[in-house]
Amino acid sequence: MNAHELRGTWLYLEFHQLQLQHWMQQRPNCEQPLLIVCSDRNKVVQANPSARALGIHPGLALSDAWLLADALDYAYWQPEVEQRLLQQLAERLYTAFADLSLDTEANGLWVQLTTQQRLHAQQQTVADKVSKLLVDTEYRASFSSNPLLAKLGIDDRAEALLQACQGYPLRVCGLADDLHHKLSSMGLDTIDKLLQIPVPILGKKLGQPIVDFILQLKGQLKPRLLIYQPRELIYLHRQLHAEVHVWSGLRFVAKSLLQDLEQHLRQSQQAVTRIYLVLFNRDFQGNPAQMPYKSNAFATFPLGVECVEIGFARAVYRLADTYSVLQLKLENRRFKAPIVDIGLYVEQTEAFTAQPMRLDQSKAGEHQLATLLNRLQSRLGADKVQTIHQHTGWLPELQQSLQPVSDQDIGLSTAHDSTQSYLDWRPPWLLSPKPIDIRGWRIQGQPQRIQPPWWLPDQSGAADRDYLIAQDKVGRWGWVYFQHDAKAQASPQQDPGQWFLHGWLS
Amino acid sequence: MLDAYQFAELHCLSHYSFLSAASSPQEMVQQAHALGYQAIAITDECSVAGVVKAWKQTQSTPIQLIVGSYFNDQDDTFTLLATNQHGYEQLSALITHCRQRAPKGQYQFSSADLLHHDLSDCVLLYCPLGSWRSPNTELMLQLAQRFNQRTFLLIKRDLLPADKAFVQALCKLSEQCGLPIVASNMARMHHAQRLPLLHTVLSIRAGQTVAQQQAHLPCNAEQRLRTLAELQQLFQPAWLKRSVAIAKQCQFVLDSLQYQYPSEVVPQGYQPHEYLAEQAWLGAKRRFQQQVPPAIAHQLVNELSLVHDLQYEHFFLTIYDVIEFARQQQILFQGRGSAANSVLCYCLGITAVNPAQSQLLFERFISKERDEPPDIDVDFEHQRREEVIQYIYQKYGRQRAALTATVITYRLRSALKDVGKALGFPLIQLNQLLARLDRRDSEDDWQQQLEAMGVLQHPLGMHLLQLTAQLKGFPRHLSQHVGGFVIAKGALSNLVPIENAAMPERTVIQWDKNDIETLKLLKVDVLGLGMLTALRRSLDIVAQRSGQQLGLADIPQEDPSVYTMLCKADAVGVFQVESRAQMNMLPRLKPKTFYDLVVQIAIVRPGPIQGDMVHPYLRRRDGLEPVTYPNAAVQDVLQRTLGVPIFQEQVIKLAMVAAGFSGGEADQLRRAMATWKSKGQMLEFKRKIVEGMLLRGYEEQFALRLFEQILGFGEYGFPESHAASFANLAYASAWLKCHYPAAFYVGLLNSLPMGFYSADQLVQDARQHQVEVLPICINQSSWLHQVVYPNGKACIQLGLLLVKGLSQSVADDLLAARPISGFESIQQVQQLQLPTLDMEALASAGAFARLSGHRYQTRWQMTRLGDQLDMLQHAEEGQADYQLPAPDALSDMVQDYASLGLTLAAHPLALLAASAPQLPNYKRAAQLKNLRSGQLVTVLGLVVGRQRPSTSAGVTFVTLEDETGNVNVVVWRDLGRTQRKQWLNAKLLEVKGRIEIEGEVIHVIAGRMTDRSDLLPTRAVRSRDFH
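Chains as they are written, first to last, in the numbering used here: chain A, 6 to 511; chain B, 68 to 1094.
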């Protein structure tokens, strides 16, 4: 199409495989058939080229897809992921186009070009601009005189509407199911057939929705569009007066940024669990006063940008809390290049409810614990600070596991899922099973017999254990068990198994 | 050290406590015996469903079986053991009471029931599993008083944390209440190896995975039958010995149950044998027009005498009473099976096999040596069978009559699915495995196929295979038998507990037909047969036109035109000879007499096929092979089938006349033939048969050949009497098709679902026989299909029952309101204010075509907003004038299939050929006979049938339908495997192959198949798949 007047022109961008593209970008050069599947109906909704080459297409049942490709991989469709990706795309386009509307149902975006006509007089220019902003993203673009036609991919600017819509199926026009069903039951399955019937007659038969639809097709009624509003992203920036090579040179500036952040958060009664410090060196080509975008959803930041992520065990807002953790994180860090600008941004905040002053020491203790944990995690790494979690299980060692500390652990709750009754006492801390000579022990009571859970891969075929309480020669009470020989054919008395110590009671 | 026989297990569950235990009653009995137990009690939960099987096992495994059951009340268990027959009746009555006040599969019990029911001959074992921490001592004292030294505390040791405290609590309780303690394993499995299976079934029952359920699962295998040495370590000697003492009190044995027939079937003033004989002779005179042939009379006397000796008169009279009811209600019926060997049954009117026409073998039905009760199956019209069932309930009452149970067991699919879910496999993955599993693949069994699919790569893959194999055959739940009744003189619950079935107004006993046979109780089978319904409907239509009522017996016999039709394999819809295999055989066998038809029906069966009788018979019939007999005795047996044994009775008779078997031995042979694969008894019979025949001067080759043929019958050949019963109906339906085709098709269509063919295929067949079929019409159709006579010619008027989404009650309202001259407009119908969905269904079916022209216009006229807004009512005037374009032929066809399941328009392929230029060139069905055998050919058609008989060695027969007829395609096994994706689910299939023509029989041997379903505008074409 040659140069067009873009007055009253709409551009619709459709992204039909967002989640799949997201996934493929994490697996570059992957030739395996990949699918996104709708979990409730087990049907394919998105398929990569390798899958399509084998005859797998959207709408196919997953069980049929398996017949066509033995080695495919699939993930379940997550609409919230696609919403997030769509938002990110809108953010990018927003840098060039102010009039954006989101089509969340169909993963699309409308761009109204009327106000841009001075800047983008040619359709091709617009298309090129969009292409640059959406590099590495698959999309379909269509221009038309109104939003609905643009979405449908029907361009009526060069010919009459009736001709432009010739043969276009109504089933993809987004009509309500019952309305579409009624129309197709009457043989009205394409737009042109519908347009041939006088609107008043259609309206009197089928009601307002069909009238609205036709008026939208004709551009006489504008649909309700969800205007895009950019996220409120907190971004603070400071330019340095000299290059800084080490952390000590950044301390003052960082504190200043955090102070501003505290003020902002205090005013809005918000707190954060994660902040990002953005460090610019001379290689950065852009404007550090603006939040730098990644070239795509997952790539690293542009050349010349280092980003440091700081997480907190619980939501915080005060300078005192944030700075100490930041300091721990950065004090030994080596920068890739001398820093010339520094920025701070926050992606997500949460409402903060002020806690009343209490004399309750446990709450004070919780706070101290939280602070300590924040510092330890920052110093050592989040996964290095762990606590014991209880689980349902038979074998004692499977009833406990060490997990990184989370916010829930700070409540110091003593309640835990206990499948043990008071009759099933066992030591809180287990040893690694240590072979013992039972002749040096005095056994008490009757055994408790436990068979390892056969459904666990490393336990299948493992032998029974008989647990008992026993006292050693020096009077210590231990928790011991006899591990039967899984292959023992002899009677229990002659079972050539082994005794182990698994924990101490005192 | 415990001596043997110093322990009796008094509480154990079999897998008849559905999804609560992991071993069969037989396994429990065998293991208890192997461990040296004195006795074992099978005490399933509120049930005795497993005791007969356990008892049968004790016939070969000598251990005392105690009959009992346990009941659960808030996790406390109450186990009752029958000490004698009276105790058993009390137990059965309690189970019945608890089951009948709860929905199917459940029961309602509280400990108070033990105080209110008479259980004076039962022992009670109480285990307070739920309440031991705070026991109800008051209840225990009451029970102790009520049961008077027959109450004990049951103790178990599971080596769980609470064990010690539990034992201490029970000891204390014993002292407080004066109840002695007795030990038990409370076993749910016979061996520790079954623990994974136990976990699996418990998880299936809870609807969770094993991992999710682990907190509730036993973490060791102590709930099993343990060795005496282990028991001695766990329990005090006194507790163990007490179990033996209790076992000695329980002396009830199952085979002491006395069954008594209902007595009201014998009128006052008669003795049973007198009344039976009177009715039999009256019937004989009716059957033989007052001139009973001497041979028949002689046989009847013998049969009556044998029945009297065995005291089976009531049995025959009970069935006679039922069929007399059916006769009075004009419900068609026919007895079949071994009963058709009986002259007595023929004279009473139970069966329809004329003994003058067939060689009967009464010993096949009853003999003194058989030592089992007779079995009479009676088929009734399937749509009226319920009337017969209700008659039985009304006559005998629900306390005296109940249906036998059927145990629904796990098959491969259900086992794989349930085990997989319990192990945590995603359902989608299990469905994929099942979809790819070819259960009829005889080369690779299912485990090998799953391994080939990579199941073992999953960490639980081996468990999936092993547990599925174990779970296959396990009972899932009890269901009702289709029509097997047990009727008793007194309360049936004295014999066996009764529980509610899923259907309202139905009750079912807890034993299945195998249990009934084991205990030699009598059962009456009231079965349904669709063809009887179809025949009655057709005969009624003929009678309406002719003014003369026709019964089955009135149909003219041996009509040559009927056989001519059958010889051309024109047998769609004809009873028993409409399958692909039968239609292939008809042009070869060319039946010309009734007996030929009997042979036709019997010969296309696994028995004759695997015994290689088919080809010899056909060759001899065609004169291509001489018919010879070694002697007159064999000739007497085999003459009617040209020297080839085809019927089961012939095999039995040969064993008697040629090998010298007695009647009883021959009967054992008959049983072994049905189960030879598992029992391995046939080698013993081989020796007897061959030696016996050699002794009588037969050649060894002949003897060995005969034995091979007998082996083939292991897959079940038909008894002649059974084939003859079916041939009666086959001939009747063929006669109707030949002479009254419209009535024939309408009878079938109104009796669907039944038979091999869908409504679509029957209608196509009717049109190919020049029977005009009129479309659904709001003004012409009734609910049922009808034969109408516009212009004097019989036509089929399709009925409203064909309309998907139209309910009969709405149709009745519509028909009641329809004016004699018919509706004049759609608005007139709308004024009836019928439900919207039903109106839409009628519109979709084209029922208003005469009023509005086509379905689009109908729907346009039916759509209105005027009901919502008054002011629009005026605005709607003139809207009906707007004319929508009519649908094209293809769209019409699609909608026909969607709304009716058939089309009266051009065949889909004819339409496709006109509208889809990309259709390949292909030969029509009607053109194939003009080709030469061996020629390469391409055919294309709708897939209307896929069959893979068990005798076909993996070969699949696919039936394609085009606009000129049907094409029979043969897909060899290996080709079927490699091209499975093409043909398995195809609706439209292209086949390139080679044609084979043998007389009238034409096949296309498939070479290359292509699924062309994407060319079809509709997936609504249905095929009849038998895999």
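Derived from the structure by calculation, the hints contain no laboratory data. Careful, some of the hints might be misleading.
With a cut-off of at most 30 angstroms between alpha-carbon atoms, the simulated DSSO-like pairs for lysine-lysine come out as follows [said to hold, decoys possible]:
| # | chain 1 | residue 1 | chain 2 | residue 2 |
| --- | --- | --- | --- | --- |
| 1 | B | 231 | A | 198 |
| 2 | A | 439 | B | 231 |
| 3 | B | 587 | B | 539 |
| 4 | A | 48 | B | 587 |
| 5 | A | 48 | B | 1054 |
Quick look at which bits of chain B chain A covers, simulated, 3 or more residues with Cβ under 8 angstroms [said to hold, decoys possible]:
| # | region |
| --- | --- |
| 6 | 399 to 406 |
| 7 | 883 to 897 |
Think of the CB as a built atom: it goes at the ideal place given N, C-alpha and C, for glycine as much as any other residue.
Among all the numbered hints in the text so far, which are the ones the structure does not match?
-> As far as the earlier hints go, 1, 4, 6 and 7 are violated by this structure, in ascending order.
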